[in-house]
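A.B. asks: Chain residues, written in single-letter form:
Protein chains: 4
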Amino acid sequence: MTTTSPRPDLAALTERFLAVRARTDRLTRDLGPEDQTPQSMTEASPTKWHRAHTTWFFEEFVLGADPAYRPRDPAFRYLFNSYYEAVGERHPRAARGHVTRPGVAEVAAYRQDVEEQLVARLEDGTLDEALLDLVELGCHHEEQHQELLLMDVKHLLSGNVLQPVYVERAPDPDPAADPVPQRWTHVPGGVTHIGDDGSGFAFDNERPRHRVWLDDVEVGTRQVTNAEWVRFIDDGGYARPDLWLSDGWATLQATGWDAPGYWRRDDDHGWTTFTLSGRRPVVAAEPVCHISFFEADAFARWAGHRLPTEQEWEARAASGRELRGGLLDPDRCHPGLAAESTLGDVWEWTASAYVPYPGFETAPGAVGEYNGKFMNDQHVLRGASAITPPHHSRVTYRNFFPAGARWAFSGLRLAR
Amino acid sequence: MTTTSPRPDLAALTERFLAVRARTDRLTRDLGPEDQTPQSMTEASPTKWHRAHTTWFFEEFVLGADPAYRPRDPAFRYLFNSYYEAVGERHPRAARGHVTRPGVAEVAAYRQDVEEQLVARLEDGTLDEALLDLVELGCHHEEQHQELLLMDVKHLLSGNVLQPVYVERAPDPDPAADPVPQRWTHVPGGVTHIGDDGSGFAFDNERPRHRVWLDDVEVGTRQVTNAEWVRFIDDGGYARPDLWLSDGWATLQATGWDAPGYWRRDDDHGWTTFTLSGRRPVVAAEPVCHISFFEADAFARWAGHRLPTEQEWEARAASGRELRGGLLDPDRCHPGLAAESTLGDVWEWTASAYVPYPGFETAPGAVGEYNGKFMNDQHVLRGASAITPPHHSRVTYRNFFPAGARWAFSGLRLAR
Amino acid sequence: MTTTSPRPDLAALTERFLAVRARTDRLTRDLGPEDQTPQSMTEASPTKWHRAHTTWFFEEFVLGADPAYRPRDPAFRYLFNSYYEAVGERHPRAARGHVTRPGVAEVAAYRQDVEEQLVARLEDGTLDEALLDLVELGCHHEEQHQELLLMDVKHLLSGNVLQPVYVERAPDPDPAADPVPQRWTHVPGGVTHIGDDGSGFAFDNERPRHRVWLDDVEVGTRQVTNAEWVRFIDDGGYARPDLWLSDGWATLQATGWDAPGYWRRDDDHGWTTFTLSGRRPVVAAEPVCHISFFEADAFARWAGHRLPTEQEWEARAASGRELRGGLLDPDRCHPGLAAESTLGDVWEWTASAYVPYPGFETAPGAVGEYNGKFMNDQHVLRGASAITPPHHSRVTYRNFFPAGARWAFSGLRLAR
Amino acid sequence: MTTTSPRPDLAALTERFLAVRARTDRLTRDLGPEDQTPQSMTEASPTKWHRAHTTWFFEEFVLGADPAYRPRDPAFRYLFNSYYEAVGERHPRAARGHVTRPGVAEVAAYRQDVEEQLVARLEDGTLDEALLDLVELGCHHEEQHQELLLMDVKHLLSGNVLQPVYVERAPDPDPAADPVPQRWTHVPGGVTHIGDDGSGFAFDNERPRHRVWLDDVEVGTRQVTNAEWVRFIDDGGYARPDLWLSDGWATLQATGWDAPGYWRRDDDHGWTTFTLSGRRPVVAAEPVCHISFFEADAFARWAGHRLPTEQEWEARAASGRELRGGLLDPDRCHPGLAAESTLGDVWEWTASAYVPYPGFETAPGAVGEYNGKFMNDQHVLRGASAITPPHHSRVTYRNFFPAGARWAFSGLRLAR
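Residue numbers (UniProt numbering), protein chains in the order written: chain A, 1 to 416; chain B, 1 to 416; chain C, 1 to 416; chain D, 1 to 416.
For reference, chain A alone in the conformation it holds in the complex:
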């Protein structure tokens, strides 16, 4: 969790803190109190909760480290703790959408209050190195929640028959245009170093840097596209159990999956998909998005290839080739957040289970619950997506979701 990099000067940290906080506000500006309150499934959270929880993180771990600190409202510790067992009892996750008070205005005031106090502490120089590390961690944590917040808003709005628009966007000029051709990058094998080298911020799960053996591999130069996915569908991809993992086939049968998340097909419009700009035609050349690990794995098998491991993925990305992994201008997905991601339009499922690196260690205290305790039955995604905040992507970054999750902006890249 801690960074081993030299501390940036305090002014820069303060500026970063305020920039991150302002970005959250910008993202939620056009969501009314009604939009910010409900929770559309257990795995998602209300916008209002994301805004309060990221604030509570600074309050609990930075301001609260001072024994003289008086919390704004002791109940917030109960309401806005996500999963930190060491902090105590908390509001049940599945019922976050039932918390109507504090309302949006009170949450905004809470945000402002904690911000002002934190800036004061940054400016008066009373935060020690460990707490400054936690401020930096809190900024990255809030950036993670910025992406979650958009995923969750999309899921919430998608269930509304009105198919609401979160952000306006012009129609795509030619949804049927061909994608760029697929090519292959050769990545030579051998003993390879994987993981963060300590020169900048990284999450605990990216550490320690360690050696692995890799065989030679070829990795696709671009992500799999919607055009390719439609061929998979048309070839019976969702009807052939031989392509699927056993758990994946069971999930398909239980859910009725026959296309990526948010896709719908009707006679008048062909394939459409729900986006943060409402329901729109599926664009052939865009990377396929909102697929589960099960689907990515089945597609790769159908294509006669496979998913890369996370180590293969990192070795390729670290080699500097094809650093820009995506296909498209990210503002196609979200104009208000243009050019924000440098690594791709969609996260890429890998073949790797999410397990600790050799020598992995958690931070002491409650913040040690950050990543390690989720290293079970999840799968690693690498890269970034069009809604990942700017500068919040690294070649060592390990994102993770359960094999059946589809509400992340998740796609795939092939290996062979």
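Fair warning: there could be bad hints in the mix.
Pairs involving identical chains hold if they fit within one copy or between any two copies, as the list cannot separate such chains.
[Stated by the list, open to error] Listed below are the simulated DMTMM-like cross-link pairs for lysine to aspartate or glutamate, each with C-alpha atoms no more than 20 Å apart in a straight line: (1) Lys373 <-> Asp242; (2) Lys373 <-> Glu43; (3) Lys373 <-> Asp247; (4) Lys373 <-> Glu89.
Worth flagging that the hints you see were computed from the coordinates, not collected in a lab.
This one's a predicted model, so the numbers in the text were calculated from it and none came from an experiment.
Assemble chains B, C and D onto chain A, guided by the hints.
C.D. replies: Okay, now just chains B, C and D, sitting in the frame of chain A:
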């Protein structure tokens, strides 16, 4: 569903319509958009939804009867239909809390629009008798939802650790004061007429008036009180399976019930209960509230008595004795709505299953789904509660809930 | 529970006891240990368990009343108690099929041991009147389980792709032959006596005899047939929500019901049904069987009629007209048990919820749990079925099942 | 799946085939038809089913390869296919315990019939290399089911209040005797070869042999004992969320785990555990058994160590040190099967998720579903257990179960 009473003049109906609509607005005035959006369980609905659904009822069944009518938004038919199969597909009940748009302001505008159009139709005299009947039905329907709305708000707010206050109320001067003594009213048996006689408005389930045979019975002069319920608890009422119906005991074991809904006991405050005025001490002399049929039945068995049937209840009420069934000033529960109920502070579970009266008939068309299709595995409650709207109570009124429901304002009265 | 009839002489009671016991053995003779062990759903029980439980009933309530009695195995009290809370902890109902020991041979030995001891007690005259009542109750109890046992075996075998035969039966000569025509019996109304008059054995739920008011009614002279049910299916009976109770429609959608239980339709054979004699063509003139209350109710609505109440049913049956309610030779269903039922081929759903009669009282002690505690959310069936034991039917008999149950031999008769 | 080793002569293969088959019969000899029929949970299977399924495997994949082969009963293909989608529809897994026919005797006849035909095919030399490979695979497959069968029987019998004995065993002379001390084996790191080298039989998931990088590691010389586990319990191991993975803690709270599977504590006997020889005292020096991955992981964290990866485990085992991994005489667990396992008394959870080795390939045809499709959300166990068949263990063997499974004979060994 239809009334057989002479039509009140149109001016009176218009006045009633506007009064009912205004009362709904008054009840929801102090609930913010956040409070009005979520749904705390499948059986409850968002405030916003109640406001829109009651409006849709008038739009669908009255305005929509005119083929020239253009709905405000065709999607509202999908969003705000509760259960009318004949009207078509509808938004899933369990996900009403995920509908963030239309928001509270748009719902208010929808209410106003439909109101204005309906008043215009009432004033221009173009509504025939059947449609005027439906306007009257719509007023009663909206009153039912006024009570549901308060039940649902209470359930929603109760889950918040802040225990919010919906309406302020002064502390009770003496929560431990003794209740008035229980006495018994003798109700003579014989062939008795039960059900609505057609002289005023009644729901379809109160019809037709018919004969039953009743034996002599004695019915309590007041409802069972909190003081008596505490004795039941202290005597192991929740630990003795011999007192309970089999389904009730299974429910108790699955839920962990050990006191009425919303009750909590702690060392500092003894028994408290959550009310629309926040968490407060249990008042000994008030009628016990938020109990299930299972608990009412077990209590009666423990007390050596039984629940009255709905016919016994009605025979007693119709005899004019003890018409005022409750114990207390209703504004104890809800000062803003003082003196509104004339029949009691809590609905009273009866021994009767909710089945059709002999000769029961449903209205033609979608509105025929009003009551009849719910006549399965529910239990009849009679009377009214402190949150029942004024004039919305009748000695023939049949309320109904499943045996395990506790979020209604439900209590009991004994018979022997 | 107690009988008020004069005690038959002991020899007759002993003879009856042995006859009932022998009939259970005869019914299970052709079921192997494998057939007798599993439980195909929570509501069903293994054959082996039925045989042991009916034995335990005599051991617990009759032999066990003697303080000197030493149980054959104390664990049997835990294993073979069905639901008597007052007797203590018991094996979980849903896991009865996991109890492999005692095996079938040990259960047979247990049966014989208890029988011999009970006969000895009957012969030495040491059982008082209350215990003799319990012996008689135990015989009726075992007869109830004889029917349950056959229901449960049918359900178990039906799930086997081999469609096993429990009892051989010749092919029906003409499955398409027309049923006898439907006619109507007029039953005059007025104050009517309902319930058992105490002149012979009856269960507690048939008591006390009491007065009700009935209006005039006409009741069908025969049960609804398979031919009529096929017309209901062909007319969209399973696709029209307006015909169904709300809970029924929800059940239909959740289960996919589109025909009675055990029915299947394929191109080669048309409609077939699974019977205790294997899968066979549906016989047009036989009463429809294995329908739920929801389906019976929907059919009656579709037919423009209704179900009789249990009081109407009893008034008609008691009048002596049409005492033989069924259509068919019962051995069509079960040749080994020919001519056993005098009241019908299938139980008949009524419109009545299963509630206590006015003045209902339970017996003291554990045996008081016999019927009363199940009087919640169940529906009354009247008559008897082709698998009801001989002499185990009365015009006052009240059978009951939940509204969605289909594994009983249940059909319907119309009223208007 | 295929072996690359030279084919043993046919006589030896025939002998092995008959020996494996005879061992299955020996294991089930003392289980009655009642014991062999039920299924105590979805993940377990009836003994009778194991016996038939292993037979079906030979029939389907070896005998059935001959187009002239006529199956004994076509329904067996439906009843006894476990999960091979390519073979067609099959009986639902969760309802295997409801299949009462064919009975135990018919299954025995089915076994004998297939055996005789297979031996005839082996002896007449008409099986090609691929089919001989499948005979060998079928033998290993049946050995896997021998272990599953014992696991499942134990689970089934454990739920019986009589706590039945599958195999008699003398009391342990001194259950409280101290275990041997824990020491550590140093395993040097570097580029290491992992996986089967093709010199003998191996499952597909052990292939291909490939290189990995390993750091130096120390691995415990013995498995964790019951004595150590009791200290973990006494130190609050089941009450401290900081020790647990998030999914593990959720599982603990949902299930109420507070000790290994089958353990029970009472005042009279202290800790006891259910074994194939009935309920017995927990023996301090035996390896802890019937723990989930979650518990193994929490224990390791509590002990200040960690689980080895499967590669570390294999590197240590392959080095020839401590090949005999267990602590105890295996016949302590199962006297009838003494000295059968050479690698340990319990399987050992590793830190590794069950994912394919680099270059993993499945066999063509239905048999290709053997292992690969289960490589999702499972965890690797290494070694063997006291109930693993003789000669059915290899240093490259990869067993796997979900993280919450406890009915395998699973324990752990520490690394640091």
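A.B. asks: For each hint, tell me whether it holds in the structure or not.
C.D. replies: Going through the hints against the structure:
no.: 1; hint: Lys373 <-> Asp242; in the structure: between (33 Å within a copy, 9 Å between copies)
no.: 2; hint: Lys373 <-> Glu43; in the structure: within (17 Å within a copy, 26 Å between copies)
no.: 3; hint: Lys373 <-> Asp247; in the structure: between (23 Å within a copy, 8 Å between copies)
no.: 4; hint: Lys373 <-> Glu89; in the structure: within (17 Å within a copy, 39 Å between copies)
Consistency with the previously given hints is maintained throughout, with no hint failing.
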